[in-house]
Structures are given as C-alpha cells and as structure tokens.
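Each protein sequence line maps, in turn, to chains E and Z.
Each residue of the first sequence is one higher than the one before, starting from 934 at the first, in this note's numbering.
Each residue of the second sequence is one higher than the one before, starting from 2 at the first, in this note's numbering.
Since the hints were made in silico from the structure, they are not lab data.
Glycine included, each C-beta is placed from N, C-alpha and C at the ideal position.
It cannot be assumed that every hint is accurate.
What the hints assert, rightly or not - Derived pair list, reagent style SDA-like, types lysine to any residue, alpha-carbon separation capped at 25 Å:
#1 K1094(E) x L86(Z)
#2 K1094(E) x A122(Z)
#3 K1031(E) x F1402(E)
#4 K1428(E) x L86(Z)
Said to hold, decoys possible - Between beta-carbon pairs, the in silico distance windows are:
#5 Q58(Z) x L1390(E): 50 to 58 Å
#6 I52(Z) x L1301(E): 55 to 63 Å
#7 A88(Z) x V1132(E): 37 to 45 Å
#8 I6(Z) x N935(E): 53 to 61 Å
#9 R66(Z) x A982(E): 51 to 59 Å
#10 T45(Z) x L1089(E): 26 to 34 Å
To be verified - Partial list, derived from the structure: chain E residues whose beta carbon lies under 7 Å from chain Z:
#11 V953
#12 G995
#13 N996
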Amino acid sequence: MNLLLILPILLPMVMAMISVLTGLDRARSGMLAVFGALLHLCASGFLLATVVDHQVLVLWMGNWPAPAGICLVADYLSAAMVLITSVIYLAVMVYSGKEITPHQRRSGYYPLMQFLTAAICGAFLTGDLFNLYVWFELILMASFGIMIMENPGSRLTSAVKYVTMNLLSTVFLIMAIGLIYGLTGTLNMADLHEKVAQVDNTALVTGAALLLMMAFAIKSALFPLFFWLPATYHTLPVPVAAFFAGMLTKVGVYALIRLFTLVFVTDVAVTHTLLMVMAVLTMVSGVAAAASQMDIRRILSFHIISQVGYMVLGLAVFTPLALAGTLVYLIHHIIVKANLFLVSGLIQRATGSFDLKQTGGLYQTHGLLSLGFFIPAFSLAGFPPLSGFWAKLLIIYACLEAGHYFLGATAAVVGLMTVFSMIKIWTEAFWKKKALPVDSPVEPLVDIPFQLMGPVLCLCLLTVLIGVFMEPVLKFALVAGEQLMSPHQYVLAVKGGG
Amino acid sequence: MQSIILKTATRLMVGLMLVFAVYLLLRGHHEPGGGFVAALVSGTAFALFAITEGPAQLRRAIRVRPSVIAMTGLAVAAAAGFPALFAGMPYLTGIWWKIGEISLGTPLIFDVGVFLAVLGAIVSLLLALEEN
Chain E
934 MNLLLILPIL LPMVMAMISV LTGLDRARSG MLAVFGALLH LCASGFLLAT VVDHQVLVLW
994 MGNWPAPAGI CLVADYLSAA MVLITSVIYL AVMVYSGKEI TPHQRRSGYY PLMQFLTAAI
1054 CGAFLTGDLF NLYVWFELIL MASFGIMIME NPGSRLTSAV KYVTMNLLST VFLIMAIGLI
1114 YGLTGTLNMA DLHEKVAQVD NTALVTGAAL LLMMAFAIKS ALFPLFFWLP ATYHTLPVPV
1174 AAFFAGMLTK VGVYALIRLF TLVFVTDVAV THTLLMVMAV LTMVSGVAAA ASQMDIRRIL
1234 SFHIISQVGY MVLGLAVFTP LALAGTLVYL IHHIIVKANL FLVSGLIQRA TGSFDLKQTG
1294 GLYQTHGLLS LGFFIPAFSL AGFPPLSGFW AKLLIIYACL EAGHYFLGAT AAVVGLMTVF
1354 SMIKIWTEAF WKKKALPVDS PVEPLVDIPF QLMGPVLCLC LLTVLIGVFM EPVLKFALVA
1414 GEQLMSPHQY VLAVKGGG
Chain Z
2 MQSIILKTAT RLMVGLMLVF AVYLLLRGHH EPGGGFVAAL VSGTAFALFA ITEGPAQLRR
62 AIRVRPSVIA MTGLAVAAAA GFPALFAGMP YLTGIWWKIG EISLGTPLIF DVGVFLAVLG
122 AIVSLLLALE EN
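Using the sequences and the hints, build the whole thing.
Below you can see the structure in the form of structure tokens.
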C-alpha cells in the first residue's frame, strides 16, 4: 500500500530511462510517453483513493528512523495535487505527439518532461524541507533544459531571466533552511510543527519564515516578484507552455500552503498579513497588466499571476473554508489554464498567429475550437456553473465570513476584469471577421487533428463536470481544509510512523 | 592544446585518477567516499583528457553516448531500491549480504548507479562545452 507513494515519482523516471536507453523513433516515443502518463494517472488515482480511506499516508524512504530519514507524506492536499498533475501530464503528452518537432524530440523533450513531472510530484509528496528544496532544484533544471532545447539563441534571454530569478529564490530557500535547522535541529516538517513553537527566539523564526516566503513568492510569481513569468512563457512551444503554466507556479503555491499551515503558524499576524497584502497586489497588478496585452499567450501569462493571487488570498485568510477554496481554486485553475494554453496553440494553427490583431473569424470556421475556448475562458472569468465560479465564490465567501470585506470586494472586481480580457480574446479571435494582411497568402484552414482537439475537449469536459458536481469536490476540499488548519493528524501520522 | 608536458602528465594522471575514483566508490557508504565524489574525480580525469586530446578523442575513448551512461546509472540506482520491496520493507531500504569477510549490499549498487549518472551528466556537459 505504501508503495503507492513512491509510484508517482518513480514511474515518470523509469519512463525517461526507457525512452533514452531504447532510443525509440518519433511515433513510438510519443506512444510510450502517453502510456507512461496513463500509468501515472492510474497510480495517482489509486493514491487519492487510498488517502481518502486512510486520511494520511507516510512512507519512510530506506527505512531510516524518524528525524534523520526522509519521508513521503500524502494527505488530501498532496494527493489531489498529484492527481491533477497527472491529468495535465496526460493531456500534454497526447497533445505533444502532433506538436513536438523531431528536433525537439532529439533534444530530449520527452525525458525532460518526464523528469519534470517526477520532480513536481516529489515536491508535492515530500515531508522534509530539505528534500523539498532538492525537488525544486530538479524542477528548475528540467524546465531550463526544456526551455533551451531548440534554437537556444532566441529563447536564451528569457531562459536566463527565469533561471536567475529562480536561483535567487534558491539562495533564499537554502539560507532559510540553514536558519531553521540551526534553530530547531530538524527539517522534517511534522517535527518542525512542534519544534518551531518551542523556539525562544521568535524574531529569528519569523525572519526565516519571511525568507521562505520570499523564496516561494518568486517561484509562484507573486507581486512584486513575478516579472520572470510573462517574459518566459510566451516564447515556449505550446505543450510546454501549457504544462508550465498549469504546474510550475502552483508548486510554489503548494509549498506556501504547506509551510504556512503546518510549520509557521506561530506568528500569523505578521506572516499571513504580509501574504494577504501580496495576494491583493498580485491579483490587481496581474489583471491590469493583462488588459494592455494583445498577444494571446501574454494575456494568459498575466492572468496566471492574478489567479495565483486568489489562491494565496485563500491561504492568507486562513480559515478552513478559505483553504478549501484555495484547493478548489488550484484544481480549477490548473485544468483551465493548461487548457487555455493548448487552445492558444490551436488558434495559432487555425489563423497563423498568436497576435489578436491578425486573428479572427474562428467562430465561423472552427466551431469545436470555439467551444474549446469558450468553456475554459469563461470558467477562468468565473461564469456559473463552471468550475471557476465556485472557486471564486468560495474565496470571496471566505473573505467576507472572516470579515475582510475589502478583500472580498477586490476579488470580485478582479474577476470582472478577467471577464474583460477573456471577452477581448473572444471578440478578436472568434467573432471579428478575419483581417487578412494584403501581402501574405491566405492560410489554408486545415482541420485540426483529433490528437490536438481531444485533450482540449477532455479538459473542457472536466471543467464542466467539476462545476456541475461541485458538492463532492467541495466536501473533499473542506476535509482538506480542516486537515490543513489542524495538522495534528498529519503530525501524528509522521511521528507515530517513525 | 599542444603541450608535451601536459600530454605526458595526462597519460599518467588519467589512469591514477580513475583508479582513485574506483577506490572512493568502493569505500563509500561506511566511510567517506561514495558514488557522487567518485564520479567527480573521474569526471576531472575525463576533462583533463578532453583538454589535451580533444573532445573527438574522448568520444572515441568512452564509446557509449554520455546520456546513455547517465540513464543507465539512474536505472541501476532505481533498481537498487526494489530488493527491499521483496523483503517487505520500504523502497530503498539497504539489504546486505555477507560473502566471506566482505559485506555487499544494495547501497553499493545504488552508489554505482549514482556514479554512472553523475559521470554521464558531467561528460555530456563537458562535451557540449568543448565542442562548441
């Protein structure tokens, strides 16, 4: 049973090894990747089902005793995040089959993506602060490799920005880890939960907490540390951009949630107030910056930032309901955002451009694609009964319930401004008549292959289903929220299991 | 680089360094050493070789593609975790066998895997840098 915890990390790694060692051709390596992603999805599904039965699962790697060893822990939040990772991973792998060029494949696209997935799952599952750092490093290395895999020249500037910011974050992270280890003598997060409360030097604990907050604020693109994100994402190949947009910042958000519910809850007045300020500024600045953009992928990139603000807002409000809202928001957002990036690739295929001014007329020519854009876009904007409506509603409701009326109002206004951006894409790319540049030949309107349309439609279906069957999702999220607010179950599972 | 001193010294050094790397690898786990540092030492040996003889010679000397070395290493390391599962213990638990005076165990296999993985990574970086 406990083997389940290692599978989401081990499976993609094994797939990467197989695909490198056997040196498969294009079609077969794509098939293998899809097969690997399917296995991964099954493993994550079983993991989630087991967690629902047992609440918290713990596996001590190598059977080393409690404080020295490294453990993997899956509670509701971790298991849900792993499952959603494998859903996006599968969708992206299917989509990649038609989109990835032979050159990109030869530069190691599939193995790198598989390592990235393994590292993301590792970060979600680890119960050890230093191990978390290691997974973040692996994520950084794998994602850098993917960024520069083809014609590094043109992408190098943005990739260097990305790596520089992330290395800065790593420095903060490692300093904070050093401080915490010096103060408490442990890095196991469940152990830290008890030891941090006993440290006399509370100022230093708060200092370390703030260092960690900065580190993960860079990773999750919070205000004012987000500028690496819009500089990077729009230069990537479509499936890569979708996977990065869905997952990378969310690993940072996950780390914030984990640390600021389990470990640093001694000085909520400072830490969570700061989180709240950052969350609001992130929401507002992201959505405002998106309004001025005309490139589809840039608009979507800026919206990632504003959406991350919502999630962190839920964490900052710090009630079970708010945390449940954050989890629902995470799930909703990852699906929708990855999907929108996939759709942006299809829009480019159908019209020849990512620039909204060059596009148009898709509603007339590509009905299914219009549906594929409409659902995630208006879910992102928060239209009922799609998933985004419930996610926003939960966060706003939690804000109001906790008495933060201003925050609730801001969240609602930012939602309205998101509608503006989505309507902009809708009218420009779908409704307006196609503006043909005089000199360029007319693009033949090829049918979009099913391999590209399928993942998009499946993710759309998922968005609708989450929206319609909100009750079980919400129930699950509320349990997760309770688990996060009172982590004694988590602590007991880890400490008792040693 | 054309330097008779470097060339002669390299011939001596490379062999010594590779032997030392094996010593470090086998010494690991119970005493300071292990796969990672052994790979760094042998990586230095290969770097020296590449500087004096050129990257093409290094490619010919190691025969296998470095990425294949790295992935084989990872596969070996990952496989070292499985015997523990059959013994009903968590993944990666060390299992030891006594053969006469020597005790051999899965941690050694794991270390060999780490050695190959790190070595493969170093050599592929080295070749990429030297060839550009």
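Q) Would the hint on N996(E) stand, with a C-beta cut-off of 7 Å toward chain Z? A) Given a least distance of 4 Å, the restraint on N996(E) holds.
Q | Outcome of range test on Cβ distance (I6(Z), N935(E); 53 to 61 Å) | A | The hinted range 53 to 61 Å holds for I6(Z) and N935(E), with Cβ atoms some 58 Å apart.
Q: Starting from the range 51 to 59 Å, see whether the pair R66(Z) and A982(E) falls in it by beta-carbon distance.
A: About 41 Å separates the Cβ atoms of R66(Z) and A982(E), which means 51 to 59 Å is violated.
Q.
Need the status of pair K1094(E), A122(Z): alpha-carbon distance at most 25 Å?
A. Satisfied, since the Cα-Cα distance of roughly 24 Å is no more than 25 Å.
Q) Going straight from one Cα to the other, do K1094(E) and L86(Z) come out at no more than 25 Å? A) violated, 43 Å
(Q) Can you tell me whether the CB distance of Q58(Z) to L1390(E) sits inside 50 to 58 Å? (A) holds, 54 Å
Q: For the pair supplied as a hint, K1428(E) and L86(Z), confirm whether the alpha-carbon distance does not exceed 25 Å.
A: holds, 22 Å
Q. Is it true that T45(Z) and L1089(E) lie within 26 to 34 Å of each other by Cβ?
A. Because 28 Å falls inside the window, the suggested range holds.
Q. K1031(E) and F1402(E): Cα distance at most 25 Å?
A. violated, 32 Å
Q) Can V953(E) be said to touch chain Z, with a Cβ gap under 7 Å? A) OK, holds: V953(E) within 7 Å of chain Z, min 4 Å.
Q) Could one say that the CB atoms of A88(Z) and V1132(E) fall in the range 37 to 45 Å? A) Given about 40 Å between the Cβ atoms, the range holds.
Q: Could you see if the CB distance from I52(Z) to L1301(E) stays within 55 to 63 Å?
A: holds, 58 Å
In summary, the structure is inconsistent with hints 1, 3 and 9 from the numbered list given earlier, while agreeing with the others.
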